[in-house]
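Chemist: This is what each chain is made of:
Number of protein chains: 4
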Amino acid sequence: MAGVFTVTRVLRFADCDPAGIAFYPRLLEHVNNLVEDWFAGPLECSFHDLHFKRNKGLPTVTVNVNFLRPAELGDEIDWSLSVKALNRSSMTLSVRAKRPDGEELLHAEPTLVHSDFTRDPPRSEPFPDELREKIETYQDPQ
Amino acid sequence: MAGVFTVTRVLRFADCDPAGIAFYPRLLEHVNNLVEDWFAGPLECSFHDLHFKRNKGLPTVTVNVNFLRPAELGDEIDWSLSVKALNRSSMTLSVRAKRPDGEELLHAEPTLVHSDFTRDPPRSEPFPDELREKIETYQDPQ
Amino acid sequence: MAGVFTVTRVLRFADCDPAGIAFYPRLLEHVNNLVEDWFAGPLECSFHDLHFKRNKGLPTVTVNVNFLRPAELGDEIDWSLSVKALNRSSMTLSVRAKRPDGEELLHAEPTLVHSDFTRDPPRSEPFPDELREKIETYQDPQ
Amino acid sequence: MAGVFTVTRVLRFADCDPAGIAFYPRLLEHVNNLVEDWFAGPLECSFHDLHFKRNKGLPTVTVNVNFLRPAELGDEIDWSLSVKALNRSSMTLSVRAKRPDGEELLHAEPTLVHSDFTRDPPRSEPFPDELREKIETYQDPQ
Numbered sequence: 019m020a021g022v023f024t025v026t027r028v029l030r031f032a033d034c035d036p037a038g039i040a041f042y043p044r045l046l047e048h049v050n051n052l053v054e055d056w057f058a059g060p061l062e063c064s065f066h067d068l069h070f071k072r073n074k075g076l077p078t079v080t081v082n083v084n085f086l087r088p089a090e091l092g093d094e095i096d097w098s099l100s101v102k103a104l105n106r107s108s109m110t111l112s113v114r115a116k117r118p119d120g121e122e123l124l125h126a127e128p129t130l131v132h133s134d135f136t137r138d139p140p141r142s143e144p145f146p147d148e149l150r151e152k153i154e155t156y157q158d159p160q
Numbered sequence: 019m020a021g022v023f024t025v026t027r028v029l030r031f032a033d034c035d036p037a038g039i040a041f042y043p044r045l046l047e048h049v050n051n052l053v054e055d056w057f058a059g060p061l062e063c064s065f066h067d068l069h070f071k072r073n074k075g076l077p078t079v080t081v082n083v084n085f086l087r088p089a090e091l092g093d094e095i096d097w098s099l100s101v102k103a104l105n106r107s108s109m110t111l112s113v114r115a116k117r118p119d120g121e122e123l124l125h126a127e128p129t130l131v132h133s134d135f136t137r138d139p140p141r142s143e144p145f146p147d148e149l150r151e152k153i154e155t156y157q158d159p160q
Numbered sequence: 019m020a021g022v023f024t025v026t027r028v029l030r031f032a033d034c035d036p037a038g039i040a041f042y043p044r045l046l047e048h049v050n051n052l053v054e055d056w057f058a059g060p061l062e063c064s065f066h067d068l069h070f071k072r073n074k075g076l077p078t079v080t081v082n083v084n085f086l087r088p089a090e091l092g093d094e095i096d097w098s099l100s101v102k103a104l105n106r107s108s109m110t111l112s113v114r115a116k117r118p119d120g121e122e123l124l125h126a127e128p129t130l131v132h133s134d135f136t137r138d139p140p141r142s143e144p145f146p147d148e149l150r151e152k153i154e155t156y157q158d159p160q
Numbered sequence: 019m020a021g022v023f024t025v026t027r028v029l030r031f032a033d034c035d036p037a038g039i040a041f042y043p044r045l046l047e048h049v050n051n052l053v054e055d056w057f058a059g060p061l062e063c064s065f066h067d068l069h070f071k072r073n074k075g076l077p078t079v080t081v082n083v084n085f086l087r088p089a090e091l092g093d094e095i096d097w098s099l100s101v102k103a104l105n106r107s108s109m110t111l112s113v114r115a116k117r118p119d120g121e122e123l124l125h126a127e128p129t130l131v132h133s134d135f136t137r138d139p140p141r142s143e144p145f146p147d148e149l150r151e152k153i154e155t156y157q158d159p160q
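Protein chains in written order, with my numbering: chain Z, 19 to 160; chain V, 19 to 160; chain Y, 19 to 160; chain L, 19 to 160.
For reference, chain Z alone in the conformation it holds in the complex (with noise of 0.2 Å):
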């Protein structure tokens, strides 16, 4: 069965624009906090040490996201993250946010790419084997 890792996060006026809503470039620094907090959490890598103590990194190579509808400030954001598909130094992440009262705000697909930050420019590597296992536990199973 397929693990779902999930936070909850008020939207913040630092969030918000001079519309009143969410400044969408920032919904996406959401998106990369969701997986920070999943690699700190349940993957026992926080980026501390990814970045630090391993001199690995996870560039994002490619993100296609849906806007379903505006967030507010002060919206009770559900994020929730599971893995897409899962290749050798690369892994496809589904990342949905939602209000409580279930509706969608948010569809995102990032792609990131295992990768070591002592090549200039940084180059894929594999996921290293207890990193994947942990990874795996997250796998959609369509």
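Honestly, the hints are just simulated from the structure, not real lab data.
Please note: incorrect hints may appear among the correct ones.
As the list makes no split between identical chains, a pair holds if one copy fits it or if it spans any two.
As the list claims (entries may be wrong) - No more than 20 Å apart at the CA atoms, straight line, and that leaves these computed lysine to aspartate or glutamate pairs for EDC-like:
1. K116 with E154
2. K102 with E151
3. K71 with E90
4. K102 with E154
5. K116 with E90
6. K71 with E94
7. K71 with D138
8. K116 with E94
9. K116 with E127
10. K116 with D138
11. K152 with D67
12. K102 with D158
13. K152 with E62
Given chain Z, work out where chains V, Y and L should sit, using these hints.
Modeler: Same frame as chain Z, now just chains V, Y and L:
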């Protein structure tokens, strides 16, 4: 002949992450800045007027981005924009970021909807004719 | 006895700069987030209601900050707030950020003015009584 | 005679908050951008070289800011900088933001410390002579 709107900007410290490269949500902020400059410049409709005088806005409803190569602190980046598709109240843009050596950094296709912000949620509304005519001159002939 | 409002937050990748430490304008965003949480929580006046229902706001008119030690990616930070001075329509807060080991990272004193945003520019306006009474319970006795 | 370093920038949509005015942490990002432009320009020491070639940095250790009037979306802002105090390894800058009509928006005094980032935490280090000589030409005579 299709026009292309172009601006050049240096990638800033504020745009970069602990990996020393552009933080991708900040690159999407640059995409938004490019649209803002296009509106304030050749389209003669500043975001100040659009939002506060006309009570309209341009929410992004989808965006697909390919990050082709990491952008680095201090990179001088040429941002260019043309119109891929123009509909009654929405348009899909083609945005490219290149370094001076011709290396492509990013290709983004955001779809923006001209919307009436006196409605909650904002409701799509056809582009006014004078704006549409100016937008058409940036349409990609493909 | 003076109340102190406290929240704990991990310093994120999005908050850090190419030097691998917190980018200082982002720490001020955290100061603003702390005030936002204080209002939405114990003061029972969310920024959504303040701005969109009451047409008020809290522009910061001065801020003095000492950055005592660099905050690092992944640091668990305790943010605390008390009221240093409360006037008719303004207040000066004392905000401190500490790591769990007690190391102080930051001390900020922002002064915020309760303002009527139906005026342009916004005009200062006394805090309403029920809000003032709640704010007083966070006043520093010194 | 003291030099003053000046750049002009339009206040962007991305800089503004739901109250329709500049979000103050973003104004401090502009202060940082101004220092970055000063270093890359007349001081001939880009932040890219400073951080990645020299392994130095310029953490801000204190900043005092007066926000004199709200900055609005689309405001053309003149940012200017001079050196208020120059010490062996630190300097205090005087930064002012004005609108074209002469209206002052902001006065900030950040103190920055030239630091060696090969140390953890970074350790202060005297400015190299060629950099100090260029900085001196921006020193305020008062």
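Chemist: Confirm or reject each hint.
Modeler: Structure-based check of all given hints:
no.: 1; hint: K116 with E154; in the structure: neither (24 Å within a copy, 36 Å between copies)
no.: 2; hint: K102 with E151; in the structure: within (15 Å within a copy, 42 Å between copies)
no.: 3; hint: K71 with E90; in the structure: between (38 Å within a copy, 13 Å between copies)
no.: 4; hint: K102 with E154; in the structure: within (10 Å within a copy, 38 Å between copies)
no.: 5; hint: K116 with E90; in the structure: within (12 Å within a copy, 31 Å between copies)
no.: 6; hint: K71 with E94; in the structure: between (34 Å within a copy, 18 Å between copies)
no.: 7; hint: K71 with D138; in the structure: both (18 Å within a copy, 14 Å between copies)
no.: 8; hint: K116 with E94; in the structure: within (8 Å within a copy, 27 Å between copies)
no.: 9; hint: K116 with E127; in the structure: within (15 Å within a copy, 24 Å between copies)
no.: 10; hint: K116 with D138; in the structure: between (38 Å within a copy, 18 Å between copies)
no.: 11; hint: K152 with D67; in the structure: within (16 Å within a copy, 39 Å between copies)
no.: 12; hint: K102 with D158; in the structure: within (5 Å within a copy, 33 Å between copies)
no.: 13; hint: K152 with E62; in the structure: within (9 Å within a copy, 41 Å between copies)
Against the hints set out earlier in the document, a violation occurs for number 1 only.
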